[in-house]
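Heads up: the sequence lines are chains A and B, in that order. So for the first sequence, our numbering puts the first residue at 15; every next one is plus one. So for the second sequence, our numbering puts the first residue at 121; every next one is plus one.
Among the hints, a few may not be true.
Said to hold, decoys possible - Quick list of simulated restraints, FRET-style, between CB atoms:
#1 B:R417 to A:E73: 40 to 50 Å
#2 A:R75 to B:R257: 17 to 27 Å
#3 A:D80 to B:S399: 33 to 43 Å
#4 B:V154 to A:R75: 51 to 61 Å
Calculated directly from the structure, the hints in this document are not laboratory data. All C-beta atoms in this analysis are idealised placements derived from N, C-alpha and C, irrespective of residue type, glycine included.
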Amino acid sequence: MSSAFLPLKNMTYEQACAELEGIVAHLESNQTTLEDAIALFERGQALAQYCTSLLEGAEVRIRRLDEGMGAQTEEE
Amino acid sequence: MNRFPPAKPAAYTVSDLTRYLRVLLELDDVLNDVWVQGEVSNVSRPSSGHIYFTLKDAGAAMQCVVWRSSSSRLKVTLQNGMAIEAHGAISVYEKDGKVQLYVDAARPAGEGQLYQEFLRLKARLEAEGLFNEERKRPLPARPRCIGVVTSASGAALQDILNTLQRRYPLVEVILSPCAVQGEAAPAEIVAALQALEQLSEPDVIILARGGGSLEDLWAFNDERVVRAVAFSRIPVVTGVGHETDFTLVDFASDVRAPTPTGAATLVTPDQADLRVDLSDLYSRLSMAALGQVDYQRQLLTTLAHQLERVTPMQAVRNERQQVDSLSERARRAFAHQIELRGVQLKGAAQRLNALNPLSILQRGFALIEQADGSLAHGIDSLQVGQTVHIRMADGQAAAQIQSTERTSLNSKE
Chain A
15 MSSAFLPLKN MTYEQACAEL EGIVAHLESN QTTLEDAIAL FERGQALAQY CTSLLEGAEV
75 RIRRLDEGMG AQTEEE
Chain B
121 MNRFPPAKPA AYTVSDLTRY LRVLLELDDV LNDVWVQGEV SNVSRPSSGH IYFTLKDAGA
181 AMQCVVWRSS SSRLKVTLQN GMAIEAHGAI SVYEKDGKVQ LYVDAARPAG EGQLYQEFLR
241 LKARLEAEGL FNEERKRPLP ARPRCIGVVT SASGAALQDI LNTLQRRYPL VEVILSPCAV
301 QGEAAPAEIV AALQALEQLS EPDVIILARG GGSLEDLWAF NDERVVRAVA FSRIPVVTGV
361 GHETDFTLVD FASDVRAPTP TGAATLVTPD QADLRVDLSD LYSRLSMAAL GQVDYQRQLL
421 TTLAHQLERV TPMQAVRNER QQVDSLSERA RRAFAHQIEL RGVQLKGAAQ RLNALNPLSI
481 LQRGFALIEQ ADGSLAHGID SLQVGQTVHI RMADGQAAAQ IQSTERTSLN SKE
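Bound conformation, chain A alone (with noise of 0.2 Å):
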């Protein structure tokens, strides 16, 4: 369990944080050694903090699908 954590800088915000509460879980409710329980509390503090972070300075990022569109019209 302790082993083979991914690199937090490439993961998404939902899979930072499906694998805290997963931790968080496991901690939770099963015992562990005690070293696995000091390596899961680190992690699931690191992707806490990756989580904050990425909350921190984002921007929505905009894509634009630009098929065949004819002439748009303004409202209002």
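Starting from the known structure of chain A, fit chain B onto it as the hints suggest.
Relative to chain A, chain B alone:
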């Protein structure tokens, strides 16, 4: 009500005849509840708050009155030249002998017909099951990608983007632009929806348009658009017009939002809530990790206790306890013996006391001691004139023997 005079007079007064006309018109079911279509002219708004105008077409004109109490409920602002449909009751204004329409509702001309069309199409699609509740799909809680079908230059798009930036800036938006009003709009909306489905697979689609007149929103009542929304593989949220506008796509979509902003709100979590969730998760993480450490600590304590039970030190301690217990028993046995001896000693002392010769003095006997302190055991040890001491229980006295006489009692023993 003053009905027509019973007998037919030679000539009616103007008042009587006008009143008769008024009553006739007011009793007519059709004229009591009628829609009239025409062009507005001669609008007059005196300070009384009532509105007077003329409704006319190419061939005729009719005076209209809107009482102040009804004027605030009109859906249109009456202006000269406007084509409207007015609803109300026909009556006669007796003073001028004028037939008038007393208006209580008005709407833009053509709206009535459009509305009938709208109701027919709605009933047909409803019967087909397109609006059924069980067709509605849940929206993703945290969409990665949102498709937006709307005009690229409209206010709706700006509202949506602003809302997404504020609530959930992590999202990617794919704009599939299209006309949202006019003849070409329905086909463009359908094509824009299909392009999204085929080219980019967003998690959810927002179909939106800002507010406008009923005609402006008409593309969203088009059967092709309604079907495209109903059969979209990706969940669709509609935000068309304002809060009070309902179009047929609203019934076909998975969720209807009152406005474009409302649609953007419905499909995203609020980052404020996400931060709260994160902070909750972090507390739970800390608690759970501490719980694991506590569990390990308890395990250690249990093991230490178990170890203690098998250690040689415990044997030594057991021996020590045995010694302690034995010595305690010895101490107690010894104390018991002492006590026993004490009781025996007390008994012996009592018995000894009973044998004390002096104790018989208590019963009134006396001892006679001679000058040298020896006891006089018999009469023979006494001589007349001799001084003796008489000892009694509570004192002694000196006495002189005056005479002696042997008694037979003594000789018998």
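Now for the hints, and whether the structure bears them out:
1. Distance hint for B:R417 and A:E73: a CB-CB separation of about 47 Å, consistent with the stated range 40 to 50 Å.
2. Checking the proposed 17 to 27 Å range against A:R75 and B:R257 shows it holds: the Cβ atoms sit about 25 Å from each other.
3. Taken as a hint, the range 33 to 43 Å holds for the pair A:D80 and B:S399, whose Cβ atoms sit roughly 42 Å apart.
4. One distance hint, 51 to 61 Å for the beta-carbon pair B:V154 and A:R75, holds here, with the actual separation near 57 Å.
Checked against the numbered hints listed earlier, the structure breaks none of them; every hint is satisfied.
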